[in-house]
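Chains as they are written, first to last, in the numbering used here: chain W, 298 to 541; chain V, 138 to 684; chain B, 6 to 183.
Worth flagging that the hints you see were computed from the coordinates, not collected in a lab.
In this text, all values refer to a predicted model and were calculated from it rather than measured experimentally.
The reader is advised that the hints may include incorrect statements.
[To be verified] Result set (DSS-like, lysine-lysine): computed pairs, CA atoms no more than 25 Å apart in a straight line:
id, chain 1, residue 1, chain 2, residue 2
1, W, K364, V, K638
2, V, K398, W, K364
3, V, K303, V, K287
4, V, K616, W, K428
5, V, K561, V, K638
6, V, K669, B, K145
7, B, K181, W, K516
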Amino acid sequence: MPILTFAMNGHQVSGHDDETLLQIARQHGIHIPTLCHLDGLSDIGACRLCLVEIEGQDKLVAACVTKPQEGMSVHTDTERLQRYRRTIVELLASEGNHQCAVCVVNEHCQLQDLAYAVELQYVRFPYLYPKRTLDATHKDFVMDRNRCVLCSRCIRVCHEVEGAHTWDTAGRSFHCTIMADMDQPWGTAASCTSCGKCVWVCPTGALFEKGQTVAEMEKHRDFLKYIVTARRTGEWIAEEEEGE
Amino acid sequence: MTLEELHQLAEKERGRQQAFTNRVLVCSSTGCIACNSGMTRDGFITAIKEHDLENEIEVVGTGCMGLCALGPLALIEGDGRLYRNVDGSVASAIVARHIVGGEVVDDNMLDTDDPFFASQMKIVLEHCGRIDPGRIEEYIAVGGYSALAKAITEMKPEEVIEEIRKSGLRGRGGAGYPTGLKWDVSRKAPGDQKYVICNGDEGDPGAYMDRNVLESDPHRVLEGMAIAAYAVGANQGYIYTRAEYPLAIERLKVAIKQAEKHGLLGNRIFESHFNFRIDMRIGAGAFVCGEETALLRSIKGRRGRPRPRPPYPSENGLFGAPTVINNVETLANIAPIIDRSGAWFAGIGTPNSTGTKIFALTGKIEHTGLIEVPMGIPLREIIFDIGGGTPDGTEFKAVQTGGPSGGCVPKEHLDLPVDYESLKAVGSMMGSGGMIVMDSDSEMVDVAKFFMEFCVEESCGKCIPCRVGTRHLHLLLEKITRGEATADDVALLEELCIMVKETSLCGLGQSAPNPVLSTLRFFREEYDELLKPVLGYEPSKPEADPS
Amino acid sequence: MKPRVASVWLSGCSGCHMSFLDLDERLIELADMAELVYSPFVDIKHFPRDVDVALVEGAVSNVENEEMAHIIRRNSKFVLSFGDCATTGNISAMRNQFSAGEIVRRSYVELADDASVLPLEPTSIAQLMPSAVPLHAIIKVDAFLHGCPPSPDQIWFALSELMAGRIPDLPTAYLKYG
Numbered sequence: 298m299p300i301l302t303f304a305m306n307g308h309q310v311s312g313h314d315d316e317t318l319l320q321i322a323r324q325h326g327i328h329i330p331t332l333c334h335l336d337g338l339s340d341i342g343a344c345r346l347c348l349v350e351i352e353g354q355d356k357l358v359a360a361c362v363t364k365p366q367e368g369m370s371v372h373t374d375t376e377r378l379q380r381y382r383r384t385i386v387e388l389l390a391s392e393g394n395h396q397c398a399v400c401v402v403n404e405h406c407q408l409q410d411l412a413y414a415v416e417l418q419y420v421r422f423p424y425l426y427p428k429r430t431l432d433a434t435h436k437d438f439v440m441d442r443n444r445c446v447l448c449s450r451c452i453r454v455c456h457e458v459e460g461a462h463t464w465d466t467a468g469r470s471f472h473c474t475i476m477a478d479m480d481q482p483w484g485t486a487a488s489c490t491s492c493g494k495c496v497w498v499c500p501t502g503a504l505f506e507k508g509q510t511v512a513e514m515e516k517h518r519d520f521l522k523y524i525v526t527a528r529r530t531g532e533w534i535a536e537e538e539e540g541e
Numbered sequence: 138m139t140l141e142e143l144h145q146l147a148e149k150e151r152g153r154q155q156a157f158t159n160r161v162l163v164c165s166s167t168g169c170i171a172c173n174s175g176m177t178r179d180g181f182i183t184a185i186k187e188h189d190l191e192n193e194i195e196v197v198g199t200g201c202m203g204l205c206a207l208g209p210l211a212l213i214e215g216d217g218r219l220y221r222n223v224d225g226s227v228a229s230a231i232v233a234r235h236i237v238g239g240e241v242v243d244d245n246m247l248d249t250d251d252p253f254f255a256s257q258m259k260i261v262l263e264h265c266g267r268i269d270p271g272r273i274e275e276y277i278a279v280g281g282y283s284a285l286a287k288a289i290t291e292m293k294p295e296e297v298i299e300e301i302r303k304s305g306l307r308g309r310g311g312a313g314y315p316t317g318l319k320w321d322v323s324r325k326a327p328g329d330q331k332y333v334i335c336n337g338d339e340g341d342p343g344a345y346m347d348r349n350v351l352e353s354d355p356h357r358v359l360e361g362m363a364i365a366a367y368a369v370g371a372n373q374g375y376i377y378t379r380a381e382y383p384l385a386i387e388r389l390k391v392a393i394k395q396a397e398k399h400g401l402l403g404n405r406i407f408e409s410h411f412n413f414r415i416d417m418r419i420g421a422g423a424f425v426c427g428e429e430t431a432l433l434r435s436i437k438g439r440r441g442r443p444r445p446r447p448p449y450p451s452e453n454g455l456f457g458a459p460t461v462i463n464n465v466e467t468l469a470n471i472a473p474i475i476d477r478s479g480a481w482f483a484g485i486g487t488p489n490s491t492g493t494k495i496f497a498l499t500g501k502i503e504h505t506g507l508i509e510v511p512m513g514i515p516l517r518e519i520i521f522d523i524g525g526g527t528p529d530g531t532e533f534k535a536v537q538t539g540g541p542s543g544g545c546v547p548k549e550h551l552d553l554p555v556d557y558e559s560l561k562a563v564g565s566m567m568g569s570g571g572m573i574v575m576d577s578d579s580e581m582v583d584v585a586k587f588f589m590e591f592c593v594e595e596s597c598g599k600c601i602p603c604r605v606g607t608r609h610l611h612l613l614l615e616k617i618t619r620g621e622a623t624a625d626d627v628a629l630l631e632e633l634c635i636m637v638k639e640t641s642l643c644g645l646g647q648s649a650p651n652p653v654l655s656t657l658r659f660f661r662e663e664y665d666e667l668l669k670p671v672l673g674y675e676p677s678k679p680e681a682d683p684s
Numbered sequence: 006m007k008p009r010v011a012s013v014w015l016s017g018c019s020g021c022h023m024s025f026l027d028l029d030e031r032l033i034e035l036a037d038m039a040e041l042v043y044s045p046f047v048d049i050k051h052f053p054r055d056v057d058v059a060l061v062e063g064a065v066s067n068v069e070n071e072e073m074a075h076i077i078r079r080n081s082k083f084v085l086s087f088g089d090c091a092t093t094g095n096i097s098a099m100r101n102q103f104s105a106g107e108i109v110r111r112s113y114v115e116l117a118d119d120a121s122v123l124p125l126e127p128t129s130i131a132q133l134m135p136s137a138v139p140l141h142a143i144i145k146v147d148a149f150l151h152g153c154p155p156s157p158d159q160i161w162f163a164l165s166e167l168m169a170g171r172i173p174d175l176p177t178a179y180l181k182y183g
């Protein structure tokens, strides 16, 4: 597997030709913000937060789906990129119904983290306040579409890791919603195995466990790497449980 | 079928047609059908019966004759007279006075020396309005499928690609990627299974070039696909078109069946080892499915959502196989290039934009209709000579090319030659060929708002800049047209336009701001006129402040 | 002359003002530095002229809020959005998914303990705007204090900087929604 050397923000970095710019950046301690990306799931290049500049190329490219080329020069944090990232977070904030103060994942939310990362002081666009639904028909979990940012992590983890494909997207444009099975109440979706993976990968409070209240829910997403590694290499990398 | 049999079939059909003393061609494309050309046809048939001329005069339903604004159109093939607004009674008058009496019916006659007809150059549309799209024999009689025969029996696939490369043909869907290059990449891409796809998902407001080609000359597209398949090594093709084009779908289905029956599609075409089948795939009408990666997903039966490129479909397309995706008009150009040579084609148009281009003229223009002109022709000639200018009493203001992805070209650029690069240089684009003319009554901010509304609805919702950004662009434009916006809002509008353009995932979002940017560039004063001043704050007057 | 400070309570829960009171003994220090010329804490009926710093809590939700916002802007040198409702709409804007009529009916009829009547026209309550909006949607805002409510430390930082004649560069540590 060839190793390529190229520049990232002026520093020489190297990576395999089948790795993405995002993976290589992280290996070298360079932070690129992401939202739809999650280690262990396929990349779709949808949130556009990880866009980077490549010298000599007009178009910005998504680091999560772009492979390196020998000698290229990548910039991950230019003033233009910072501005666009802030606008993306502004757009997201205006799109849904995000009231941090009463949210189950307040202080543990990746949308909040992004707002802090881009130092979002205020939103210049009018908030849209869409009429969205809340589905509490599942015995253990709730889907509150008001808080959904349509990153599609739930769809991908359900399809790619759990293999159930309970979730999918319905509608288009700002009518997009995440639907269970044939756009029916989650509790009646026969394909759902109630594994809860979607709940844990969700970046916001759109998917949460019943019984948790404001700011109580912390999402742990580490489990994905155990499953994905085991599936790929046959090796279980979790440490042994400390027991009797 | 052998080459010999093809020639025999052509000969036989020409003999059949010559057995008539005259033929009456009635436009039976969507435009004319909408103004009742079915009655026209019946009118001709009845009148001809009344004069006992059934065995001498044939009435043929053809494809589009171009001047849709004056439909239904009918052509008397014998002397080439073209009639407009032919209803049932005009039809019987034409039979009585022209066909029987030998004098023309002045009231409805069109002057075919008018620039609308004389300044056009028809390659793609050469058979449109001249043959019955429902009969493969008529297509074969005008030389159809001889290019496919030539390619298969006389040329190696590499030679076919070389010929296309020499022709300089570029994709007619809008982006203008060189067709030969695309084919070459697919040919060289590893894989036993390859596909050819005809992109007929035309969805721009005001554009109907592809629909008319499919309705009027479906075999031309099938032949182009077969040649493409031979060149790249594909054995399966798909035509992707929208459910909103029922007539095109119907005629394509008939055409595919006929071609299969005659061995022009299927196994061992022209007794070679080349096999090629074509299936239809009908879209549900989402604009974004014209984007090639979304189209591929839609063909597979999945949601039509684009994915980032690379990998490009020519290397990794349908079901992961190398796939050539060409627009309808591009494919309709293939047969004449193989027939007459790439050098011939390259001699038409300009060095970088060769051949001709079809445009659908709509909006505030006299001659609404479909035209085909050589590339490089000045806009002025298209709009004023061929199009007949704006309706009486109004002044030309701008023309929108490229639909919701393009921009407007104002009158100071009327002498611009129509080619890929020139249009891009003024912030518009060739697009698939819609041309919407605006006159002095048109409000340019409304125009921008109209196209933005279209993009808002058609955004697939996958990437954030397009899903939410277009929505806010539309809200800002609404605010401006309501007279509630300030200069700050226009600044925000402009900033968001550039952001959406640079960050969106696919061509839809990347080009959605173009109509706004282009109207801001050429008609900023129309925005400014709608603005209210930024509030300046004076301290409260003492009487309002008793404390 | 000491800087003239005002604080205003628009459509919010007054939680931001409670957090203000949580400045505790720093309030005494503040009293030395500034003159509080208008506030829910003091009994002055009209927003005065020549205010140096105005802290505005709450979203702009009705016509009275809207008018007040303009008065504040006209008469203040520096306007701070005070807390999440003023900055984002937050809880006050949760009603925006419903129409103003639905909201009033819900409050005064459906949820009324007894005497369920709609407020009379001309209304005894200020007429609701179609939606509650953040302060910067109505007037120009100079700085934003985030949080539901903003922490006393953040309030103290912003005020002490302003009293010292500096524009507060609210550090990232204080940027906190919710």
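Going down the list of hints, with the structure as the test:
1. Simply put, W/K364 and V/K638 have alpha-carbon atoms about 23 Å apart, close enough for the 25 Å limit, and the pair holds.
2. Only pairs whose Cα atoms come within 25 Å are accepted, and V/K398 paired with W/K364 is rejected, the gap being roughly 48 Å.
3. Of the supplied pair hints, the one linking V/K303 and V/K287 holds, its CA atoms being roughly 17 Å apart against a limit of 25 Å.
4. Between the alpha carbons of V/K616 and W/K428 the distance comes to roughly 22 Å, so the proposed pair stays at or under 25 Å and holds.
5. Taking the CA atoms of V/K561 and V/K638, the gap is near 15 Å; set against the 25 Å cutoff, the hint holds.
6. Restraint check for V/K669 and B/K145: the C-alpha separation of about 16 Å stays at or below 25 Å, so the hint holds.
7. Of the supplied pair hints, the one linking B/K181 and W/K516 holds, its CA atoms being roughly 19 Å apart against a limit of 25 Å.
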